Amino acid sequence: MRQTSLRLRAGIVSLTILLVFGLAWHIGVSGSGPTQQMDPEYAKLMGQTAVQGKSAMPGPLDVLAKIWSHLKEPFYDRGPNDKGIGIQLAYSIGRVLLGYGLAMLVALPLGFLIGMSPLMARALDPFIQIMKPVSPLAWMPLALYTIKDSSISSIFVIFICSLWPMLINTAFGVSSVRKEWLNVARTLEVGPIRRAFTVILPAAAPTIVTGMRISIGIAWLVIVAAEMLVGGTGIGYFVWNEWNNLSITNVITSILVIGLVGMILDQALARVARAVSFPE
Amino acid sequence: MAIFRNPFDHRFRLSSKGCSCGQHGSEAEHAAAAAADGLAASSDETLRLRRSVENAVMRALFPVDEQRRNFLKVVGASTAYAAINTLFPIAAATDVLAQGAPLEKKDLKVGFIPITCATPIIMAAPMGFYSKQGLNVEVIKTAGWAVIRDKTLNKEYDAAHMLSPMPLAISMGVGSNAIPYTMPAVENINGQAITLAMKHKDKRDPKSWKGFKFAVPFDYSMHNYLLRYYLAEAGLDPDTDVQIRSVPPPEMVANLRADNIDGFLAPDPVNQRAVFDGVGFIHMLSKEIWDGHPCCAFAASKEFVTTYPNTYSALLKAIIEATAFATKTENRKQIAEAIAPPNYLNQPVTVVEQVLTGTYADGLGQVKRDAKRIDFDPFPWESFAVWILTQMKRWGQIKGDVDYAGVAKQVFLATDATRLMKEAGLTPPTATTKTFSVMGKVFDPAKPEEYIASFPIKRT
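Those protein sequences? They're chains A and B, same order as listed.
Mapping the first sequence onto my numbering, position 147 (from 1) lands on 153, and the numbers just tick up by one.
Mapping the second sequence onto my numbering, position 109 (from 1) lands on 523, and the numbers just tick up by one.
Calculated directly from the structure, the hints in this document are not laboratory data.
In this text, all values refer to a predicted model and were calculated from it rather than measured experimentally.
Mixed in with the good hints, there may be bad ones.
To be verified - Distance ranges between label pairs, derived from CB positions: (1) A/Leu21 <-> B/Asp651: 58 to 64 Å; (2) A/Leu262 <-> B/Arg659: 48 to 54 Å; (3) A/Thr22 <-> B/Arg659: 55 to 61 Å.
Unchecked claim - Keeping only pairs whose Cα atoms sit at most 20 Å apart, straight-line, the calculated PhoX-like set for lysine-lysine is: (4) B/Lys569 <-> A/Lys154; (5) A/Lys154 <-> B/Lys523; (6) B/Lys569 <-> B/Lys716; (7) B/Lys519 <-> B/Lys487; (8) B/Lys701 <-> B/Lys569; (9) B/Lys716 <-> A/Lys154; (10) B/Lys786 <-> B/Lys615; (11) B/Lys747 <-> A/Lys50; (12) B/Lys523 <-> A/Lys50.
To be verified - Partner residues are not named here, just some residues of chain B that face chain A (Cβ under 8 Å, in silico): (13) Gly548; (14) Glu552; (15) Lys555; (16) Val561; (17) Asn568; (18) Glu570; (19) Pro620; (20) Ser622; (21) Phe626; (22) Val667; (23) Phe690; (24) Gly692; (25) Glu864.
Backbone N, C-alpha and C define an ideal beta-carbon position, used for all residues, glycine too.
With the rest of the complex left out, here is chain A (with noise of 0.2 Å):
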């Protein structure tokens, strides 16, 4: 009973900053500035925020209308450099997953080596430490330069940022598995691919799920930021398009769905990290 009447109250109060948050803004941008006197025929060459003195900035309300003409057409193509949002999304998303699932196939297999071999760990350690900190769209540059295909380097850029988190929290996972299991384990004689899949995995999973979900946090991040740098399709490429034609509203339209996709892609690898967690 408690427990529903503070998510009740929780609700009520993030609903009240939502409308306090859209009234603000909603007053900020409204009200036009003093009107200049033009020549009519002048006045028909300006735009908007020049004649009436408009804000720039456009209302929560005109974000509304253009997410509802958005979401009334996602799919819609006319041409290579104008699709729907939900094909852009598509397009990112495919990307993400692509360059994420790789890194996986790289991340698990080398984390686990690291971490039950001391001296991989060692050897590999300087490589990572130099890797790890480099921001991953320096790494966009030499891709274009050496893979010569924009969309396989977005695909590149992924899959190194990716690959950090995962890579550390799976060594990391694995070196700290409580070593009365690995000894109970050995007194019974357990081969090592056995003991690597029946004990290691399920103990050091919940510290891998969190390095996968801190990865695909940053997956997201990034993609956005490499699809502005190489255009073509993607939820990027839509932002730097309508910043361009210096559309806000297109703009703003496009960070809500890029924080809405974010949210659904950490919330898949939160269920995850349920299901492999395990009481002590």
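Given the coordinates of chain A, assemble chain B onto it according to the supplied hints.
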């Protein structure tokens, strides 16, 4: 354009030294007359193709132009046409040319930056100039000059829109690896402007611009060289008295609004967009600095040209046809509507229309009219390249001895362009260099070093 003149008319010269057609004292007069000439941008392609075949035949028959003119004067045009048609079947030859050679590759990708300089490249897609040549071209919007360069090198793009100094810089290995680029056509001439923030509306004299922060689209751009030239003429040193930054066009208006910069010399529609949004005013058009200056270029890798010669000719032909169409002022409104939607420039139609028609709001309450605000002329004059090289050297981007004529010939491919323009059914000018003046100062392409030495402000 002389390209489409009737060679059976004795009043015209086919080969000449003055302007490209020989009828006018200068190229400017020639261009003015060409704009008025209905044939220049005639949509009747058959007639134009026939004219180019006729031109070739007449030139072959009468190597000395005087002979042709005398011959025509004596026998009359129709008799001459009939007589020559028996020797050489002009109609049949026109058909052959119209069909062209088989295309090696039909599906092409061409990159562009969303600015009005790219008009011929862009409009050729929605207005069917590519499909007329049997090509299926996708024009792809690209985020910046470095990306467009890399994507062309990667062969993701078969050809691309570039700034005309870029192929020179790339070929010389300035700011990138040295890779031979070809630049068979200039996209547009004029069409840029200096825009200042509204708060500077009383500072119209460049001498009062000390301490300003300016933006240009790229280091290796006509914008950079023209702005530097203009400032230096006013006695300001562009490296120490002001700050010039390289900013991508989409960010320029946002930066001007945020008061990060005081102004920019930028491609349109950025200037007009700043006016449209009430952020800035147009101080002057770039044509007031140098009337007829080149800006953007149509470029392709050397490899593409040699691997797919027929496709390349067809592509270039489409671009040149589109350029001819864009030259005509009455077509400009229609073009503005075709290239303004989100798939291409993604700008309000009024903004693009003001740029292309030259009837525009200047941001200070005046409606100005200048039909030549932006114009289109495909011929890559080698002397343009020489001028660009002199400015690169003047501002220290290149050092040491420069083989001006050699580099210009290698990159601007005026001689190659001549051949390709002929294949595309056009007759290019016979000369590859011409003199012109920038802010009243005459430039002689034969004396580049003397030209650089004549400036008081320079980095050499």
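Against the structure, the hints come out as follows:
1. Range check, A/Leu21 to B/Asp651: about 59 Å between beta-carbon atoms, so the 58 to 64 Å window is met.
2. The hint said 48 to 54 Å for the Cβ distance between A/Leu262 and B/Arg659, and at roughly 32 Å that hint is violated.
3. Between A/Thr22 and B/Arg659 the CB atoms are about 44 Å apart, so this pair departs from the stated range of 55 to 61 Å.
4. Note on B/Lys569 and A/Lys154: the hinted pairing holds, with a Cα-Cα distance of about 8 Å set against a maximum of 20 Å.
5. With a C-alpha separation of about 15 Å, the suggested pairing of A/Lys154 with B/Lys523 holds against the 20 Å cut-off.
6. Between B/Lys569 and B/Lys716 the CA atoms are separated by roughly 11 Å; this keeps the pair inside 20 Å, and the hint holds.
7. About 47 Å separates the Cα atoms of B/Lys519 and B/Lys487, which puts this hinted pair outside 20 Å; it is violated.
8. Distance hint between B/Lys701 and B/Lys569 is unfulfilled; the C-alpha atoms sit about 35 Å from each other, more than 20 Å.
9. Between B/Lys716 and A/Lys154 the CA atoms are separated by roughly 17 Å; this keeps the pair inside 20 Å, and the hint holds.
10. Between B/Lys786 and B/Lys615 the alpha-carbon distance is near 24 Å, which puts this suggested pair outside the 20 Å criterion.
11. Restraint check for B/Lys747 and A/Lys50: satisfied, since their Cα atoms lie roughly 16 Å apart, inside the 20 Å limit.
12. As the CA atoms of B/Lys523 and A/Lys50 are separated by approximately 37 Å, the hinted pair breaks the 20 Å bound.
13. A hinted interface residue such as B/Gly548 counts as satisfied when its beta carbon comes closer than 8 Å to some beta carbon of chain A; here the least separation is about 19 Å, so the hint is violated.
14. Against a cut-off of 8 Å between C-beta atoms, the interface hint on B/Glu552 holds, since the closest Cβ of chain A lies about 5 Å away.
15. A distance limit of 8 Å between C-beta atoms decides the matter here; for B/Lys555 the minimum to chain A is near 4 Å, and the interface restraint holds.
16. Hint status for B/Val561 relative to chain A: holds, with the closest Cβ pair at about 6 Å, below 8 Å.
17. For B/Asn568, the suggested interface contact is upheld, since its CB lies about 4 Å from the closest CB of chain A, less than 8 Å.
18. About 6 Å separates the beta-carbon of B/Glu570 from the nearest beta-carbon of chain A, less than 8 Å, and the hint is met.
19. Interface hint status for B/Pro620: violated, as the beta-carbon distance to the closest one in chain A is roughly 25 Å, over 8 Å.
20. The beta carbon of B/Ser622 is not positioned within 8 Å of any beta carbon in chain A (closest approach about 25 Å), and the interface hint is therefore violated.
21. Violation of the interface hint for B/Phe626 is found here, the shortest Cβ-Cβ separation to chain A being roughly 23 Å, above the 8 Å cut-off.
22. Restraint check, B/Val667 versus chain A: the minimum CB separation of about 6 Å is within 8 Å; hint holds.
23. Here the hint on B/Phe690 is kept, as its CB sits about 4 Å from the closest CB of chain A, short of 8 Å.
24. Given the 8 Å rule on beta carbons, the hint for B/Gly692 holds: about 3 Å separates it from the nearest Cβ of chain A.
25. The criterion of a C-beta within 8 Å of any C-beta in chain A is not met by B/Glu864, whose closest approach is roughly 40 Å, and the hint is violated.
Of the numbered hints given earlier, the model fails hints 2, 3, 7, 8, 10, 12, 13, 19, 20, 21, 25; all others are met.
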